[in-house]
Amino acid sequence: MNRFMAYGRNILILSIIFLASSLAIEMVNPIWPIYIKSSLSASMTELGIVFSLSNAATAVMQILSGYLSDKYGRKRLHVLGTLLASFPPLMYVLANNWMDLIPWVILSGFSIGLYLPIRQAIVADVSSTKTMASAYSWTNISWLVGSTAAPFIGGMIADLFGLRFPFFICFILRFAIFPLALFMEETRRKSQVKASNMKNKEVVMINRYLPTLVLFSLVNIIQGLGMGVTAPVVPVFVMSNFQVDYTFIGVLYAIGFGVASLIVQIPGAKCSNRFDRRKVMFVTFVASTPFFLLFAYSRNTLELIVLMFLSNAILNLHWSAYQTLTMDATPASKWGLVNGVLATAFWIGMMMGNALSGVLWDNLGMLVPFYVSSLAIGLSALPLLGLKETRVRS
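If you read the sequence shown in numbering that gives the first Met the number 0, its first letter stands for residue 0, the second for the next number, and so on.
Keep in mind the hints are simulated off the structure, nothing from the lab.
Treat each hint with caution, since some may be false.
[Unchecked claim] As a list, the in silico DSSO-like pairs of lysine-lysine whose alpha-carbon atoms are at most 30 Å apart: (1) K387 - K269; (2) K70 - K387; (3) K278 - K387.
Go ahead and model the full structure; you've got the sequences and the hints to work with.
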């Protein structure tokens with residue numbers, strides 16, 4: 000009963016934190032590249048540098064955060080990361096050129112690196128094997144509800160009050176998350192004396208999780224590169240090729256990412272519980288690949304929305320399968336560390352993709368980042384061939 004109460008309370012608070020975080024972050028994400036380029040006079044290469052610096056700081060911090068949370072507990076590091084994350088948006092507003100952003104994007108990356116792997120570990124901490132896929136699905140849904148509404152709101156606010164104003168709202172929302180983090184209970188599972196058969200199972204898991212960790216890290220690096228190479232350029236691409244306002248940019252992300260990802264969470268959890276999780280991931284990675292490329296050949300705004308929607312809806316069906324398979328294949332005592340390593344791998348890929356994005360755009364043309372993105376997402380399916388299914392079938 001106590002564990003059930005802890006599960007419900009922590010998942011509820013964490014879901015609210017995810018919702019508030021996504022409202023704050025996704026309100027400014029679609030207009031962030033446009034702000035750096037148009038308001039702070041950055042070139043496309045410099046835009047990529049700003050993105051890559053933030054992601055580098057995130058990548059560096061996450062393994063340490065995961066390790067420390069396994070050893071000393073989740074709560075204090077989570078609270079610290081949540082507090083530090085609130086200040087950079089306010090400082091972005093005060094920037095006069097793109098160089099002024101550098102210390103603050105590094106701080107932002109550092110704070111995300113502190114709390115991100117811990118939030119994923121908390122979900123596993125309070126879940127059982129049977130409830131884990133559903134728990135990840137519901138926390139993902141909380142994030143995606145915010146991701147659906149926030150870009151549209153941010154775009155409208157930017158049109159009405161200017162590009163800088165959404166960052167004030169982002170600051171307020173991020174700061175409001177801090178007291179919520181204080182209400183979270185400590186969830187780290189402490190080591191206990193196990194019966195011999197449980198000890199044997201733990202030894203088997205430890206021998207197995209290292210190869211699994213390597214393969215998932217490869218997936219994350221390759222897929223992070225694929226996502227990162229277009230992340231800074233998509234809003235600029237749309238504004239350069241279509242006569243749209245900031246509100247449309249918000250609508251594009253709200254539908255193309257938010258709605259697309261939201262509607263597949265429950266089906267994705269059902270697929271995770273019913274089918275081989277490796278196959279779910281493999282099929283979604285490969286099937287989404289062409290749509291990431293076709294987006295660059297959109298002829299009108301409707302095609303932009305449809306193609307972004309299809310690419311993200313198909314790809315994001317894998318989330319519950321990915322997260323559940325990762326935790327099932329990992330000893331509970333290593334969940335924080337494993338989440339940190341895998342998140343680091345993804346952000347390393349993002350960092351490399353971000354750094355490449357502007358260079359490719361400036362030197363080879365605006366379509367090249369989309370070719371690289373599509374290729375990388377397709378290639379990220381290959382390491383899955385070395386994984387093993389963890390679910391025990393009756």
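Hints, one by one, checked against the model:
no.: 1; hint: K387 - K269; verdict: 19 Å, holds
no.: 2; hint: K70 - K387; verdict: 28 Å, holds
no.: 3; hint: K278 - K387; verdict: 10 Å, holds
Every hint, counting from the list given before, is met by this structure.
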